[in-house]
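Let chain A serve as the given structure and place chains B, C, D, E and F on it in line with the hints.
If you're matching them up, the sequences are chains A, B, C, D, E and F in order.
Residue numbers are given in this note's numbering: position 27 of the first sequence equals residue 27, and the series is strictly consecutive.
Residue numbers are given in this note's numbering: position 14 of the second sequence equals residue 14, and the series is strictly consecutive.
Residue numbers are given in this note's numbering: position 101 of the third sequence equals residue 101, and the series is strictly consecutive.
Residue numbers are given in this note's numbering: position 68 of the fourth sequence equals residue 68, and the series is strictly consecutive.
Residue numbers are given in this note's numbering: position 49 of the fifth sequence equals residue 49, and the series is strictly consecutive.
Residue numbers are given in this note's numbering: position 86 of the sixth sequence equals residue 86, and the series is strictly consecutive.
Source of the hints: derived by calculation from the structure; they are not laboratory data.
Treat the hints with care, since some could be wrong.
The calculated lysine-lysine pairs, modelled on DSS-like cross-linking and capped at a C-alpha distance of 25 Å, are [said to hold, decoys possible]: (1) C/Lys7 - C/Lys72; (2) B/Lys72 - B/Lys29; (3) D/Lys29 - D/Lys72; (4) E/Lys29 - E/Lys72; (5) E/Lys29 - B/Lys29; (6) F/Lys29 - C/Lys29; (7) D/Lys7 - D/Lys29; (8) D/Lys29 - A/Lys29; (9) E/Lys7 - E/Lys29.
6 protein chains.
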Amino acid sequence: MSGDWRKEFGRERDRLNETVLSSGHLGIKRFFALDTQAYEDGALDAGTKELMGLASSMVLRCDDCVSYHISKCYERGVTREQFYEVFNVALIVGGSIVIPHLRRAAARMEELFGG
Amino acid sequence: MSGDWRKEFGRERDRLNETVLSSGHLGIKRFFALDTQAYEDGALDAGTKELMGLASSMVLRCDDCVSYHISKCYERGVTREQFYEVFNVALIVGGSIVIPHLRRAAARMEELFGG
Amino acid sequence: MSGDWRKEFGRERDRLNETVLSSGHLGIKRFFALDTQAYEDGALDAGTKELMGLASSMVLRCDDCVSYHISKCYERGVTREQFYEVFNVALIVGGSIVIPHLRRAAARMEELFGG
Amino acid sequence: MSGDWRKEFGRERDRLNETVLSSGHLGIKRFFALDTQAYEDGALDAGTKELMGLASSMVLRCDDCVSYHISKCYERGVTREQFYEVFNVALIVGGSIVIPHLRRAAARMEELFGG
Amino acid sequence: MSGDWRKEFGRERDRLNETVLSSGHLGIKRFFALDTQAYEDGALDAGTKELMGLASSMVLRCDDCVSYHISKCYERGVTREQFYEVFNVALIVGGSIVIPHLRRAAARMEELFGG
Amino acid sequence: MSGDWRKEFGRERDRLNETVLSSGHLGIKRFFALDTQAYEDGALDAGTKELMGLASSMVLRCDDCVSYHISKCYERGVTREQFYEVFNVALIVGGSIVIPHLRRAAARMEELFGG
Chain A
1 MSGDWRKEFG RERDRLNETV LSSGHLGIKR FFALDTQAYE DGALDAGTKE
51 LMGLASSMVL RCDDCVSYHI SKCYERGVTR EQFYEVFNVA LIVGGSIVIP
101 HLRRAAARME ELFGG
Chain B
1 MSGDWRKEFG RERDRLNETV LSSGHLGIKR FFALDTQAYE DGALDAGTKE
51 LMGLASSMVL RCDDCVSYHI SKCYERGVTR EQFYEVFNVA LIVGGSIVIP
101 HLRRAAARME ELFGG
Chain C
1 MSGDWRKEFG RERDRLNETV LSSGHLGIKR FFALDTQAYE DGALDAGTKE
51 LMGLASSMVL RCDDCVSYHI SKCYERGVTR EQFYEVFNVA LIVGGSIVIP
101 HLRRAAARME ELFGG
Chain D
1 MSGDWRKEFG RERDRLNETV LSSGHLGIKR FFALDTQAYE DGALDAGTKE
51 LMGLASSMVL RCDDCVSYHI SKCYERGVTR EQFYEVFNVA LIVGGSIVIP
101 HLRRAAARME ELFGG
Chain E
1 MSGDWRKEFG RERDRLNETV LSSGHLGIKR FFALDTQAYE DGALDAGTKE
51 LMGLASSMVL RCDDCVSYHI SKCYERGVTR EQFYEVFNVA LIVGGSIVIP
101 HLRRAAARME ELFGG
Chain F
1 MSGDWRKEFG RERDRLNETV LSSGHLGIKR FFALDTQAYE DGALDAGTKE
51 LMGLASSMVL RCDDCVSYHI SKCYERGVTR EQFYEVFNVA LIVGGSIVIP
101 HLRRAAARME ELFGG
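Just chain A, with the same shape it has in the complex (with noise of 0.2 Å):
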């Protein structure tokens, strides 16, 4: 059942953010689109970007924010001892209140490994 859950949340992301997007506000539009930009590889490879991105959603306790980007570390090749890397950092600097989405985040990702 490996990566299922990715189709049915992209899925429902992409028609959310069509919702939003098809509003036509354009700092909203700007903003999604610096959004994507700052993932990309610059001074820093976009693959160290997407383990900020993770850390930063875990401690900020996001449970879509770490989803997304689960699924886009997943596609960049990060281990599953990678993984639990970044999620004890988070654990770390966020305490036990992070407790919760790690466990989430570990079941999704293990799901992708086929675990």
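For chains B, C, D, E and F alone, kept in the frame of chain A given last:
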């Protein structure tokens, strides 16, 4: 199907508020009263206060609070264009971590306009 | 139906904790141990620490953490009246943004008392 | 001594913004532009947006952001009574944890009115 | 030099509270009253509530609120060992991001004990 | 004057850490050890973990934590251009509320480069 979520949302909210208030805890009851009064007409009109409540709820990332203030703003005649302006301010203030909440807020708001 | 949610809640929690801990990540495992030890009897008794854990979880707005500490407090004999006192402190400290979590907490707590 | 803090506050802000922007980082520069544009007249007038910015800054407990929006609101003619209405909404939404920021905000605001 | 910071801290707090309350805003005045009442003896004793207030203030990372509750707890006879237990719970719940506040809290607390 | 703040910052940090650790509280001591270990080479190298620590500290808006990770990143050879990439990711994730911290972070970082 416009507006449907407001009825169910309101019923569930009323049901749980009754659970809380039937405890007879005076401090909680008084806080609930202050909460209601904070959005009434005064040196600032109620409509402006609802917009502040909506923006504050979005940057604090509370879906239930966002839904509540969307419903109140809608009843006061806030337009689609104005809603997107509030969403944009909240997005700029709170960053991409607000996006999942903005997506759900936009979907709920569009439903009210039959979108 | 009193107490039912605790069994399912505990099972799901145990299942996901096992996923996380089966990773063998030493840092995460040690954090989980520290988390458990933090609430054990010491210069302050375990009951007082659970109350602090509940209040902290509410102001940080983490439903899972709130449910967990409600369950632990209930097992230690915290009364309905005392629960509402904790809810009130959390409400005053954290503001109306805590209310959706307070509502769900009250409903879960009342279930334990057969309310 | 009315208004004094605004000059020094503005100078320090300008000086540090120049440090940041002289980096030439395009993403940061564009975000700063979006930030400015978000508060311009549109479907909502600039004054209402500043009030939303002030309320949002208070519930997120950012003293610098609060000072900035107080200055902007004051320039747009927001009255003392209206400022206290914003403070009250932020206090109700964000709770007692907002109070230290509310105290400092009130002191800065009163200075502008020669209080 | 034990206890010195409490006098100055209290004076500054009183001075600014007076600024806020002299506005005559009824909602703010009533919130301040609810805030005081929340920590009075009730189904839970005032001492336990102060401990919850201290833990909540630390996880929300509000230095002023932490100082206030340290002062109140100290007056109620909370011991050094008990203070460190509260700090530990807050550290586990809130993570390393709490450490700068924990450091300042420990320094202020030790001053009260002549440390 | 490059690097000056690091010496004073480090001294103050060491002094206060000693206050905390001289309490002999085992839970706090162990957390501090876990915190150090979380940033050591493992499945991810220490440099990448420091970048994640810096980004997480910025979105959580903790100036002390930001200064600490800037110092560590600088010692590992992170370039000015790379620092601005981290700042940009944090700005996009956390929004304009991050800006006051970003300003101070940029100023401290530039000092290290003799800027």
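To see whether the hints hold, each was checked on the structure:
For the hint pairing C/Lys7 with C/Lys72, the CA-to-CA distance comes to about 13 Å; that is within 25 Å, so the pair holds. This hinted pair checks out: B/Lys72 and B/Lys29 have alpha carbons roughly 21 Å apart, not beyond 25 Å. A threshold of 25 Å between alpha carbons decides the hint, and for D/Lys29 with D/Lys72 the separation of about 21 Å falls inside it, so the pair holds. For the proposed pair E/Lys29 and E/Lys72, the alpha carbon gap of about 21 Å is at most 25 Å, so the pair holds.
Restraint check: the Cα-Cα separation between E/Lys29 and B/Lys29 comes to about 16 Å, which is no more than 25 Å; the hinted pair holds. As the CA atoms of F/Lys29 and C/Lys29 are separated by approximately 16 Å, the hinted pair is consistent with the 25 Å bound. Note on D/Lys7 and D/Lys29: the hinted pairing holds, with a Cα-Cα distance of about 24 Å set against a maximum of 25 Å. For the hint pairing D/Lys29 with A/Lys29, the CA-to-CA distance comes to about 16 Å; that is within 25 Å, so the pair holds.
For the suggested pair E/Lys7 and E/Lys29, the alpha carbons sit about 24 Å apart, so the restraint of at most 25 Å is met.
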